[in-house]
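In case you want the letters, here they are:
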Amino acid sequence: MTPLLSIAGICVDLQSGGWLSPGGGARVNILSDISLDLAGGETLGLVGESGSGKTTLARAVLGLQPTSAGTIRFKGADLCGPADFHAIRRSTALMFQDAAASLSPRMTVGQAVIEPFAIHHESVADRRAKAAELLAEVGLPPEMAARFPHELSGGQARRVGVARALALKPALVIADEPTAGLDVSVQAEILNLMADLKDRHGLSYLIITHNLALVRHVADRIAVLYLGRLVETGPTRQIFAAPRHPYTRSLIAAEPKPDPRRRRRDLAIKGEIPSILRRPQGCEFHTRCPVAKDICRSAAPALQALGPGHSVRCHFPETHDKGG
Amino acid sequence: MSSAGRKTVLGALLRDPMGAFGLALVVLFVAMALFAPWIAPADPIKLNVTQKFQPPSLDHLAGTDQLGRDLLSRIIFGARTALSIAVTSVGMAGLAGLILGMIAGFGPRWLDAILVLVFDSLSSLPMIMFALAVITVVGPGTGTLILVVVLVSVPAYARLIRAQTLALAGADFIVAERAMGASGTRILLRHMLPNVVGPLVILLSMDIPVVIMLEAGLSYLNLGVRPPTPSWGNILYDGYTSLRSAPYMVLVAGLPLVLSTLGFTFLGEGLRDALDPRLKGRGHR
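Sequence lines, in order, name chains A and B. Under my numbering, think of the first position of the first sequence as 66, with each following residue one higher. Under my numbering, think of the first position of the second sequence as 1079, with each following residue one higher.
There could be a bad hint or two in this list.
Facing chain A, a subset of chain B residues (Cβ under 10 Å, in silico) [what the hints assert, rightly or not]:
{"id": "1", "residue": "S1162"}
{"id": "2", "residue": "E1255"}
{"id": "3", "residue": "H1269"}
Below, a sample of chain A positions facing chain B; criterion: calculated Cβ distance under 10 Å [unchecked claim]:
{"id": "4", "residue": "A152"}
{"id": "5", "residue": "A158"}
{"id": "6", "residue": "A165"}
{"id": "7", "residue": "S167"}
{"id": "8", "residue": "S169"}
{"id": "9", "residue": "A236"}
{"id": "10", "residue": "I239"}
FYI, nobody ran anything at the bench for these hints, they're computed from the structure. The beta-carbon is built from N, C-alpha and C at its ideal position, and this holds for glycine as well.
Turn these sequences into a full structure, and let the hints steer you where they fit.
Next comes the structure, spelled out in structure tokens:
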């Protein structure tokens, strides 16, 4: 079966600064050689620290960010021109990290959720009823349609974002940090809502987050990004049970545990993510890697397959360690 | 914006004493300009040499000028001249600035670079000098005045709109529109426009008195509105030449100039306070 979304060898480069600024004009590699598949009905968790390129990847998929290499296929068709991207934007919805900011400030909630129909010139017999129906689907009362975005709470804005995302019955929903900035109880509500809608409409999700607990609960598969490179990808259960890349292991080890004594301090990552302007030589992760050896400083490892759907980019993928 | 939103802007404007005063003056002058033929007591260009230099009296509330024309009527029709030139030119400049600014801010970078270069070149010219140069080439008249004002003020408006548009272009709700597949035109008209016009309206309202002054100034120099069309500047000039025999003429022509300038400036400042989102909700929440 062809995957719903297939990304092959995507690279994104940006020009740094103006041509007059010091060191300006240099091409900075933001994403390099990312390949991912997403099957229909599947949830893929895209995990990484701030600045790892998660959001850029999501934008590249929708053609909001020009790519310098690679291909994106949606429903088996190559996306190459504006018309193709228009098509993928029609059947893919993007949910923003800051849901309130993603709503036009002078449009009411009712207008906002109907907006996708207007954009794609799809007539709606009764706009008010349609808005109410979409709001009901995300558990909001119809009176909410008259509100303006600045009058919404964080959880309500998020729900409105979900309602708008669902308006055109998309095949794929890209959710950027769907729970960021919400109370734990509201986080759970939003996640349950997303799971319900997935079952009801057969959605696929691409969830972008730094929150491991989140992907552990909702994702079928995980892809870990580090400095714009895919370092490990595989089925969620497998990755959490036996992470192979030291970065993945450190991320999992850094997760808060109910029993603090079980936390693995030896796997803690040291320091900060290096600047993308000065990529480390060799393996990008060696500056912070607890198991780095000489070869890691000189040669970049290739992505190697370890099992069905599980691959890792490391010279020394650990096998014996069960990752805390 | 909803009608409720408009009501609160007007409400905030009326609650501010300066804003209310400005609005009242502006309404007064606009009414004068619109209904000039009905409220003017006499024909503003009808000569009556036997009645020249009459000081203010019950027959001529503001007196008469050196040709015996009723000054109050000339002032009232002068409001029509001043406002029609100011509103036409500022309106045209505002519209052009809005369109060019949005194109510069939202369009391709090379177009932006060219437009910014044009704006900068135009705004480096001093207004009066530029006006004199254009009048020398094209000849004086109402059309020339409007042309000068439009050329000189477009850059300021376009730059304001460009900055607003640039700031909005990266906003999440604009990216969201693009992600949903909205066309550039739709984004510009439905989402950018309502969010960038507010500051422009304030600037336009504050620029109207500048144009009124320019018109009066050029007419005073006999380079603006051609006589016998009444203009506050013409009347001021006539008053100046006959300052000794009829000192009231200068006062009668100067007063509306001062009051309209104050009115539009106060209105602009009141609007700025009423529309400023940081001050929104002040006093009614």
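Now the hints, each set against the structure:
For S1162 of chain B, the shortest C-beta to C-beta distance to chain A is roughly 32 Å, which exceeds 10 Å, and the interface hint is violated. Checking E1255 of chain B against chain A by beta carbon gives a least distance of about 7 Å; that is within 10 Å, so the hint holds. Evaluation of the H1269 of chain B hint against chain A yields a held restraint, the C-beta minimum of about 5 Å falling below 10 Å. Because the closest C-beta pair between A152 of chain A and chain B is about 8 Å apart, less than 10 Å, the hint holds.
Given the 10 Å rule on beta carbons, the hint for A158 of chain A holds: about 8 Å separates it from the nearest Cβ of chain B. The interface hint given for A165 of chain A is met, as the beta carbon of that residue sits about 9 Å from the closest beta carbon of chain B, less than 10 Å. With a cut of 10 Å, the hint placing S167 of chain A at the interface with chain B holds, because the nearest CB-to-CB distance is about 4 Å. With a cut of 10 Å, the hint placing S169 of chain A at the interface with chain B holds, because the nearest CB-to-CB distance is about 5 Å.
A hinted interface residue such as A236 of chain A counts as satisfied when its beta carbon comes closer than 10 Å to some beta carbon of chain B; here the least separation is about 14 Å, so the hint is violated. Checking I239 of chain A against chain B: minimum C-beta separation of about 8 Å stays under 10 Å; hint holds.
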